[in-house]
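Asks: Please build the complex by placing chain Y on the supplied structure of chain F, with the hints as guidance.
One-letter residues, chain by chain:
Protein chains: 2
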Amino acid sequence: MIVSALATSVGINLGLTVLLAAVYSLLRRRPPYVDVYSPRRPYAPLEPWLAAAWRRTEEDIHAAAGLDGVVFVRIFVFSIRVFAAAAVLGVGVLMPVNFLGDQLRQIDFSDLPNKSVDLFSVSNVQDGSNKLWLHFSAAYIITGVACYLLYYEYKYISGKRLEYFMTSKPLPQHFTVLVRAIPVTDGGSVSDAVDKFFKEYHSSTYLSHTVVHQTGKLRRLLNDAENICTKLANIKSVRHPSGDPPGKFLGIFGRNDLVGKYQKRLEDLEENVRMEQSDATRSRQEVAAAFVSFRSRYGAANAIYIRQSDNPTEWQTEHAPDPHDVYWPFFSTSFMERWISKFVVFVASILLILVFLLVAAFVQGLTYMEQLETWLPFLKNILEIAVVSQLITGYLPSVILHFLSSYVPSIMKLFSTMQGFISVSGIERSACNKMLRFTIWSVFFANVLTGSVLGQLKIFLDPKEIPSRLAVVVPAQASFFITYVVTSWTSIASELTQTASLLYHLWGSCAKCCKRDDSKPPSMHYHSEIPRVLLFGLLGLTYFIVSPLILPFVLVYFCLGYFIYRNQLFNVYSPKYDTGGRFWPIVHNGTIFSLVLMHIIAIGVFGLKKLPLASSLLVPLPVLTLLFNEYCRNRFLPIFKAYSTEALIKKDREEQSKPEMAEFFSNLVTAYCDPAMKPIQRSSNSDDRTTPLLSSA
Amino acid sequence: MIVSALATSVGINLGLTVLLAAVYSLLRRRPPYVDVYSPRRPYAPLEPWLAAAWRRTEEDIHAAAGLDGVVFVRIFVFSIRVFAAAAVLGVGVLMPVNFLGDQLRQIDFSDLPNKSVDLFSVSNVQDGSNKLWLHFSAAYIITGVACYLLYYEYKYISGKRLEYFMTSKPLPQHFTVLVRAIPVTDGGSVSDAVDKFFKEYHSSTYLSHTVVHQTGKLRRLLNDAENICTKLANIKSVRHPSGDPPGKFLGIFGRNDLVGKYQKRLEDLEENVRMEQSDATRSRQEVAAAFVSFRSRYGAANAIYIRQSDNPTEWQTEHAPDPHDVYWPFFSTSFMERWISKFVVFVASILLILVFLLVAAFVQGLTYMEQLETWLPFLKNILEIAVVSQLITGYLPSVILHFLSSYVPSIMKLFSTMQGFISVSGIERSACNKMLRFTIWSVFFANVLTGSVLGQLKIFLDPKEIPSRLAVVVPAQASFFITYVVTSWTSIASELTQTASLLYHLWGSCAKCCKRDDSKPPSMHYHSEIPRVLLFGLLGLTYFIVSPLILPFVLVYFCLGYFIYRNQLFNVYSPKYDTGGRFWPIVHNGTIFSLVLMHIIAIGVFGLKKLPLASSLLVPLPVLTLLFNEYCRNRFLPIFKAYSTEALIKKDREEQSKPEMAEFFSNLVTAYCDPAMKPIQRSSNSDDRTTPLLSSA
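Heads up: the sequence lines are chains F and Y, in that order. Note that the first sequence covers residues 1 to 697 in full-length UniProt numbering. Note that the second sequence covers residues 1 to 697 in full-length UniProt numbering.
With the rest of the complex left out, here is chain F:
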């Protein structure tokens, strides 16, 4: 890619970004769009959004978006710090050195726009030149900076997590344990078995339990009822505001006939639901799992961390999630079931990556104009137009990749669901890990390796060759990834304008009868956003030595993200759960991976550049980085897994004598009741609806 093509891409994306931001600034206060741009607040804030996003403190974010929101913003803070340092080093030192090198051509400042972007990369430095020691030092410096900041952030967030726990009001999940693989003797019920076991071994702290039931059928019935309710509500809402004569809008059916028909169907469903519920309670459909509540947090911790049964595959305990966070539909319980599904999901994830690799191989073909012309000869004339050619090589592949990747998170979430996680937050955290691996493989490695030949994947079967092979293929894709980063500006700005939900909202306003209940603000999809953000960190770090030109663009991305997400966490997304910052370890591990990958590439680059001493002296760097990671795993990770005796007992004692605890415990007994099992009047309606439809039916 030549400099002018890059400039075109930067120009287009900068323009689009500014345009989208302007559109947002214009629309966000207009009444019809407030539902889209500030669904969390009934009003549109008056202050300019950029100023507001800047002004807000971390406490505000914590209050608005929970600790997970804080962690998400800290990713940007951390990245801005790292890439500010990296950009100073890269643009200030490495880029001039690279540009003044003469490996690729003699120094010649004329006609800069037609020069290749590669002139700014390490390839342009003379082989064996002593200037490469600058690159070598830069690798050590940036690793030091990144590790220091990683340590600082881990410490900061784990402190926040403890603080959050110590100041939280009593929460059901702290007093409750999920027990799975409950062995049942012939004829006995699960409920009796649980009661007997915990009365025997936890007599002083055991409070109550709720057995899980199979409610798949019930859930389907309730869903049908919900749909009919929505339809009924729409019919009613169409009549009231517009006052159309009946029969006109709804075609051949009379409106009243339709209402009657729906109400009849609703009554039948309601009857079915009641029967199904009483069936379920008559223990016919008990699942070998139960939520067991205790009188103290420490009592619950005892049941979790000390193995309960002599047979380790029975009475398996784990932390209970927040009652609203429980994912009821999949409730696999037996040890073998979950174990097999884990293996199946593992295989399926690999297959998904392989399928995606094939697709990416095709997309990458687009960057090679000649290949495209061979495939589609009739496009030859069009492709020879300069702008089209620049658009296609510089822009189209990124767009296609962005588009395809958007479907993967939901598949990953499905996989995690199959693995037997029982909370939405657990599913999303697991999906986040899977997405991170997927992103690294399917976006980074797939593009780096298939950009040339798919067969290059086999370099991983020859570990000794990895550094030198990566040192060849990674720099070759520098221009692709620079445009990828630049394209991402638009995609992050379109986060601001919420294009999809805007269109959906407009469509909803046009066709009222299809309007669904969109009064709830959406939630942040951490499992797809975090890996996406981390990918740019990966790109920035891996290209830090090779092609420092990418750094300012990455920095711009993180700055944009910082402001935009701070705004969105306030106005658009409302938290669906609070994991207490448990996404941070994923971020930490992802960054460590990026650093080590950068080291491996740097080792290869110095080898290729005929400076083997620098290669050898770089070997301790990944080792030190991994040791640092191991230290952090010991020092901080346990805090994200469990609270300590110290914290638990302090918190228990603090509340022991509080009068409101009696009420809390009486609520705790019913907190983990499956919503599908609740009496029908409340079950099919969300709490914030004002007119309970089913009960009026």
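Where hints are given, some of them may not hold.
Stated by the list, open to error - Under the rule of at most 16 Å between Cα atoms (straight-line distance), these lysine to aspartate or glutamate pairs were calculated in the EDC-like manner: (1) Y:464 with F:310; (2) F:342 with Y:529; (3) F:155 with Y:310; (4) F:199 with Y:630; (5) Y:264 with Y:226; (6) Y:650 with F:200; (7) Y:576 with Y:646; (8) Y:650 with F:465.
I should point out that these hints are in silico values taken from the structure, not numbers from a laboratory.
Replies: Chain Y only, in chain F's frame:
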């Protein structure tokens, strides 16, 4: 190697084995040798030893050698079962098929002694022959048999372990926790910090604590005192029985002068020890570690499995070992210290393996006569004598390897000590793991790979090629390993005659003045014996497909081992500790490794033999084996790590009302006192001495 050379080797070793067994049978009842052959009993048992070893039940072994002894014998039982099945398959089916193949030569039964042993190996089967499907089926059958038996043994031993716990009398280690990395505020003592912390957070179950002191100097002083005591005792014992005139035996010194001089030195030392002890107790030399005892087993478990402090690197808790099992000299306590030493030991272990590989490369050179003749041309004439040549190629390398390997276990134990294990059993278990890895690398791989070229080690850098490369090099070393197994018969028989300790005993009888306190029976070195036994399982399994001729020899080894060790565990070795069968998981993992290695080699062999379909169809076998292993890890391993709530509480309740518990708890308070800190009258003498020397001084 030709059949006659193998026959020579079998003949020599069978002869030596029978000879050693005969020597043992003759000597074991003679009074001077009872100390060597039955140190655990004051008398020599009358029954023939082989019959006695056969007759004894597992309960007897449990009573005599603890659960670890039972586990050790179960290794032989398991191996005999597996290799009985393997030998039936291998010798009954595979070997005839191999021998009737015609890849290496035409069938010709004449002159069998001069035929190569390779005729019995898979190499002799025609490439692409359908007979190879017999080998394929054999791989599946033997894996199935081995996995079934592994499951059965794991279940059996974990059952034994639980039974052992449930029937044990109250033991200090079940009620006690070792706390390390205790944070101390300025000026406060460790003891106060421990007391405050556990009174605060474990008020209902906390009983007492014992802070660990730095007693290195004290230990050295006590050791000196002990040495002088021994010398004094020897001088006295020389006088009494022989009644030599003074001055004659002891050269220029008069005997009384010498006694006086030693007694003076002893008094000085004693004074020093007292000063050192009072220094240590005045908390100047407190270490940030303590043994904390609880009123119940469940209370101790609470302190171990729930993280104590908000900072995971402080107040780290773990199971306390048996008080007699505590390894006092090394008592590293801080988190960082142990963490760094772990890394250092890891590097040192790798270096040790590398050094050993070089040595093994030289030894292996001996199997290639031509090479030896090049190195040492003056030996040419001798080497051309048939017997010498057969001895050197068939026997000498094994002897050298056996000899060198005997020094490694103590180095590995030193490494484990440095890692910060605090019990002898913990150190030996860790050393056992290290030894197993060492044995696999330095005996198996080193011989397989350096037998041809040291550079072949690099095949591990090219994972895809591993099966086919192993399929070439492993069969090439079949004859070496067959003689290795045959040689091991002698080495296991010399275990019976205890050659080293016999010589030591005889030397001690000759030179009475050097006689040391050998009245205690020795203990079994599980960390060196278990890996050695597992090596033969590895050899048997890896050569099962390639060269089934090895199987009967391996089976004989295990049968010999079964009888000999059952005898030795009764008469010679007394248990030093009881881990409750925690060595079994090492055996299980080792066997799984052997199976997978066998599969990889088989995949390579079928590839080389031009039966790619069989290669592909074998790929699921290692996957299934690893899944089986993963299942066992979940199903059984937790039982070996900790006892369950169920077991702990049952056991606690059972004893709650027993009157002897009061006495137990009062003893528990002082159970974990460092022996070096005990009052001097008792400290420098082992308990079974009748004359307390220091107190008489």
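Asks: All hints, please: hold or fail.
Replies: Tested hints:
no.	hint	verdict
1	Y:464 with F:310	violated, 42 Å
2	F:342 with Y:529	violated, 38 Å
3	F:155 with Y:310	holds, 12 Å
4	F:199 with Y:630	violated, 33 Å
5	Y:264 with Y:226	holds, 14 Å
6	Y:650 with F:200	holds, 10 Å
7	Y:576 with Y:646	violated, 29 Å
8	Y:650 with F:465	violated, 58 Å
In summary, the structure is inconsistent with hints 1, 2, 4, 7 and 8 from the numbered list given earlier, while agreeing with the others.
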